[in-house]
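Participant: Listed here are the chains, written in short residue letters.
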Amino acid sequence: MSKTNFSVIGKPLRKVDAMGKCTGETRYANDFELPRMCYAKLLRSPHPHARIRSISTERALSLEGVYGVITGADLPVKFGIMPSTEDEEALAVEKVRYVGDPVAAVAAASESIAEKALQLIQVDYEILKPILSIEEALAATEESERIHSWNRRANIQKAVSFEFGEVEQGFNQAELVFEDTFFYQGNTHLAMEQHCAIGQYGPGDKLTLWSSTQTPHYLHKAMSKVLGMPMSRIRVVATPSGGGFGGKSDPFSHEMCAAKLAMITGRPVKFNLTREEAFYLHRGRHPVKMWIKTGVKKDGTLQAMHFRSFLDGGGYSSYGLASVHYTGTLQTVAYKLPAYKFEGVRVFTNKPACGPKRGHGTPQPRFAVEIHLDKIAEKLGMDPIDLRLKQLTEPNTITVNGLRISSNGLKECIEKVVARSEWKKKFRQLPFGRGIGFAASAYISGAGLPIYWNKMPHSGVQIRLDRGGGITVFCGSSDIGQGSDSILVYAVAEEFGVNPAEIRVVTGDTDLTPVDLGSYSSRVTVMTGNAAIQACGKLKKLLLETASDALEIPADDLEMIDGQVRSRSYPKKTMSFVECVEGAEAKHGTLGATGSYTPPKNLANYKGSGVGPTPAYTFTTSVVELQCDRDTGEIKIDKIWIAHDCGRAFNPLLMEGQTEGSVYMALGEALMEEQIFRKSGLHKIPSMLEYKSPTTLETPEIETILVETNDPEGPYGAKEAGQGPLLPVVPAVANALYDAIGVRIDEVPITPDKVLRALEGRYKKISVPSFEFPPPVKWQPGEGVKVEQKS
Amino acid sequence: MRSSVQVKMDVNGEAVEATFAPYKTLLEVLREELNLTGTKHGCELGECGACAVLVDGEPQLSCLVLALECEGRSIETVEGMGEGAALHPLQAAFADLGAAQCGYCTPGILLTAKALLDNNPHPSREEIREALAGNLCRCTGYTKILEAVELVAKGEEI
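Protein chains in written order, with numbering that gives the first Met the number 0: chain G, 0 to 790; chain Z, 0 to 157.
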């Protein structure tokens, strides 16, 4: 993309849906009411692990105002987001696997009647011994102790092992070898809007589901499978979402049940989950134990790294297959690693399933790596930033595990935060109780492969031109607040040279919009943006041809700008966009075009190489300055500097907003948020009061620096900003705490009790379980790789 | 217990007579009886601030207020913030500065900020932080929200 004089891109415009959100006009799923609608509730298991002997629903069904009751027998087909690990049921058929696992659903005239009916359902459970920790899961190897029956080794959902480059040789060449262990506690998305879905089964045997989903296409597929109905008869509409962060990316029980109950009752059926239910639905950050060993030269040059991760997956697979890979794959993207070994295992436990939360599987290893490097630098007597500067990855290179890095602004990101924070004046020089810490990270702008294997595009955009000059953009993407609707409008406005206000956008409706895979993996800007530009290109060809004939100017001398088609050489030769559209429609018929985007082909070919590749990596650095009270252990963050290589600031306001939101969410994870359970399998703190998250009082001043590297694969050079900026903040907090008080906390959340224990010398090293990993998949850099770099 | 009660209140400057079951909260009556769905529910336990509305000019969590108690009260929701088609300056500032991402917390924050500015037109950033401390937002990191409120506060000085 050579264009640099943009009229829309790079401008701090309002989001296209901002007004609706500031006036109360935006209608979220729970704001929809339909005639004859009924309200549904799920009966959830009170036991973490039990076999269902029998369920009796007769009494519930006979309660006045109850329209329908269903159980597992009504929806027995298994589903799950990853095709190879479909292990969920809409309602448990034979077993429940966590407290909160749904076993029956009731639709009634009101929520309160539905709740009363739930109490009339009798379930006879045979209680089984629950598994509640990684260690317990690894020890429960007997067939009788299994949570699931489909997986090969009892309670191991997935174990992986890779060796890239000459790992043994790397460690042999190292002059010093360092080892550390870490723990990252699980936490949840806590989107302000609870999950909501409305099913309607209407005339012509067509089913519609409105849902607060982030992934309408995957939901569409899953519903077709579970309901045994062709996708052509199902319409999924992603309603404006009140926050996702990954928590609305799985197909869910309540969505399947809303559809089924609508079919049974002949009425629209709404499920609006309670806040407590949202905690149990979860799919959030995995608790991960980690072990890391790194060999370095005395000057700090990395020679080899060996990383192990142990993920507590909860009761179901969800995205777990991808999650376990993500805890290992991106370690190689920020720093040059000549040899790298990764072993990871995700276990089943009797807790709510973990899944993707902002950063999916990568905040945990980033936490470990960045603290580990900080410790190594200290032992080598180096500034931790100098240690990193020795081995930054570079643009247009391929990592030891076969990941292609295109643009790379990591060095500039480091320079920016170091200068703005006055790092050199502060590091190891602030008084006791005050400290400063640094960390860096890398993330993907969209997964390189789709969730289910297929050769079709990842994103499709359709554009319709109206003779009045109106433009409608259709795309299957779903706006979860990040501004994906706006991105489409900005791209199309830029291409046609019109005011964004002339453009309408229709998204996330499987009846109306071409497929986009969804709002996950920070993929939307790059993929929908490119698809939109391609669709515009096809229409521009027709429009410029028309204008060329009318103005008698060669098409390649024409530009579309300010609502006009204009000659570059003779700027007075113009025609309005509307005239041009009319002329083109007269000549070519109704005007419409489609565009699509598929990421570049994966470079490496080893088994497991599908997780990690992306069209473009982003890079982020963060400096955190904080105070810690030695008497109370309380931490107060004074300021955070964050520099993010976003490729191009598509709309700087939105890019900053994503960055600031990521920093905030990272602080919650670093200091307070935790998804924790009692021995009974009950959530300890399933409310917004007890599950502590930062308010305006705990969120510090955030200074955001956007670094632009103009990536060849990004639309106008843009990359992601929604997830990457979360990553460096958490370890930067831990590193700053060490600078402040001289103790290391190798886990999150870093709560006052842990700080005090550490100050008193009672903080225990994180223990990591032993496990026999499978033999590694070995791959040498360059093996089977066809290098085609865009520059 | 009576199955329904009738309450007269002023909602967004209009006299409203609503009939509802006596246990209904103000949040439920606004959303379900008056179809004012701009007021959001985030927890229904008074923990998140998403349902904040103004009752006689003071921010209240509508999920904790019995609608029955609102006889004769004046209620302001996000739908009533503007003057006709014109936006309230806070609404415009939130849109201009990107202070609404998913937008779910926005109505509650707008009204809480309005109450602050009505009482204290030129608050410091710390005062804005204090006023909004009961309104959770998971998207923005609060930065753009604080900036938007400050922008309006400064705008009035000019």
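Rather than coming from a laboratory, the hints here were simulated on the basis of the structure. Wrong hints could be hidden among the right ones.
[What the hints assert, rightly or not] DSBU-like, lysine-lysine: derived pairs with alpha carbons at most 35 angstroms apart:
{"id": "1", "chain 1": "Z", "residue 1": "K23", "chain 2": "G", "residue 2": "K115"}
{"id": "2", "chain 1": "G", "residue 1": "K335", "chain 2": "G", "residue 2": "K763"}
{"id": "3", "chain 1": "Z", "residue 1": "K153", "chain 2": "G", "residue 2": "K10"}
{"id": "4", "chain 1": "G", "residue 1": "K691", "chain 2": "Z", "residue 2": "K23"}
{"id": "5", "chain 1": "G", "residue 1": "K224", "chain 2": "G", "residue 2": "K297"}
{"id": "6", "chain 1": "Z", "residue 1": "K153", "chain 2": "G", "residue 2": "K425"}
{"id": "7", "chain 1": "G", "residue 1": "K635", "chain 2": "Z", "residue 2": "K7"}
{"id": "8", "chain 1": "G", "residue 1": "K115", "chain 2": "Z", "residue 2": "K153"}
{"id": "9", "chain 1": "Z", "residue 1": "K153", "chain 2": "G", "residue 2": "K638"}
{"id": "10", "chain 1": "Z", "residue 1": "K153", "chain 2": "G", "residue 2": "K691"}
{"id": "11", "chain 1": "G", "residue 1": "K683", "chain 2": "Z", "residue 2": "K153"}
Just so we're clear, the structure is a prediction, and the values are computed from it rather than from any experiment.
Participant: Next step is simple, just say for each hint if it's right about the structure.
Facilitator: Each hint, compared with the structure:
Our distance criterion of 35 angstroms between C-alpha atoms is met by K23 (chain Z) and K115 (chain G), whose separation comes to about 18 angstroms. With a C-alpha separation of about 32 angstroms, the suggested pair K335 (chain G) and K763 (chain G) falls inside the 35 angstroms cut-off, and the hint holds. Proposed proximity of K153 (chain Z) and K10 (chain G) is supported: the alpha carbons are some 23 angstroms apart, at most 35 angstroms. Of the pairs offered as hints, the one joining K691 (chain G) and K23 (chain Z) holds, with about 28 angstroms between alpha carbons and a cut-off of 35 angstroms not exceeded.
For the hint linking K224 (chain G) to K297 (chain G), the alpha-carbon distance of about 57 angstroms lies beyond 35 angstroms, and the restraint is violated. Between the alpha carbons of K153 (chain Z) and K425 (chain G) the distance comes to roughly 34 angstroms, so the proposed pair stays at or under 35 angstroms and holds. Annotation: proposed proximity of K635 (chain G) to K7 (chain Z) is violated, straight-line Cα distance about 47 angstroms (limit 35 angstroms). Our distance criterion of 35 angstroms between C-alpha atoms is broken by K115 (chain G) and K153 (chain Z), whose separation comes to about 53 angstroms.
This hinted pair checks out: K153 (chain Z) and K638 (chain G) have alpha carbons roughly 24 angstroms apart, not beyond 35 angstroms. A distance of roughly 32 angstroms separates the Cα atoms of K153 (chain Z) and K691 (chain G); the hinted pair therefore holds under the 35 angstroms criterion. A hinted pair counts as satisfied when its Cα atoms are at most 35 angstroms apart, and K683 (chain G) with K153 (chain Z) does not qualify at roughly 44 angstroms.
Comparing the model with each numbered hint stated earlier shows that hints 5, 7, 8 and 11 do not hold.
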